[in-house]
Each structure stands twice: as C-alpha cells, then as structure tokens.
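I would like the entire structure built from these sequences, with the hints used as guidance.
Per full-length UniProt numbering, the sequence shown runs over residues 1 to 69.
Possibly wrong hints are sitting among the right ones.
Cβ pair distances, simulated, as ranges [as the list claims (entries may be wrong)]:
1) Glu66 x Glu11: 10 to 20 Å
2) Glu66 x Gly34: 34 to 44 Å
3) Arg65 x Gly34: 27 to 37 Å
4) Gly53 x Val31: 17 to 27 Å
What the hints contain is simulated information worked out from the structure, not anything from laboratory work.
Here a beta-carbon is modelled for each residue, glycine too, at the ideal position from N, C-alpha and C.
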Amino acid sequence: LVGVGGISSAEEAYAKIRAGASAVQLYSALVYEGLSLAGRVAQGLDDLLAKDGFAHVADAVGTGREAWL
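Printed below as a string of structure tokens:
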C-alpha cells in the first residue's frame with residue numbers, strides 16, 4: 001500500500017505507515033514547501049521510528065492498523 005493525500009509532516013507520514021502503508025507519497029505539500037520537505041520528513045521519520053523502538057520503516061508498517069479498522 002502507498003499512503004497518499006495530506007502528507008506534509010513526518011507525523012502524517014508515520015500515521016499512514018502505522019496504518020499499513022509501506023511507502024508514502026509527497027505531492028501538494030512538496031509544491032508549496034519545496035524539495036527540502038522530503039529531507040525534513042525523512043529525518044522526522046527516523047526520529048519517530050527510533051522513539052518507538054523500530055529500526056526500519058518495514059518494522060512499523062501496520063503496527064497501528066487497529067485504529068483504522
């Protein structure tokens with residue numbers, strides 16, 4: 001699954017990953033905020049993953065899906 005729509009922060013990307021997305025897409029926010037957004041989201045994801053004890057994005061995929069069911 002690819003999480004798309006409304007992603008403009010690491011927290012929003014992480015929510016989609018925890019819901020089951022193994023990838024996320026930045027588009028509208030990238031247009032408005034510029035290419036540096038990708039780096040900020042990537043760094044923020046690293047921080048969120050580490051905080052929750054995940055070594056890799058793949059480890060977090062689907063861990064919060066019960067909130068979406």
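CB-CB spacing for Glu11 and Glu66 relative to the 10 to 20 Å hint: holds, 19 Å
Range hint 17 to 27 Å (beta carbons of Gly53 and Val31) holds or violated: violated, 34 Å
Cβ distance range 27 to 37 Å for Arg65 and Gly34, holds or violated: Roughly 32 Å apart at Cβ, these two residues keep to the hinted range, so it holds.
Distance restraint hint 34 to 44 Å, applied to the beta-carbon atoms of Glu66 and Gly34: Once the Cβ atoms are compared, 35 Å apart, the range 34 to 44 Å for Gly34 and Glu66 holds.
The structure shown violates just one earlier hint, number 4.
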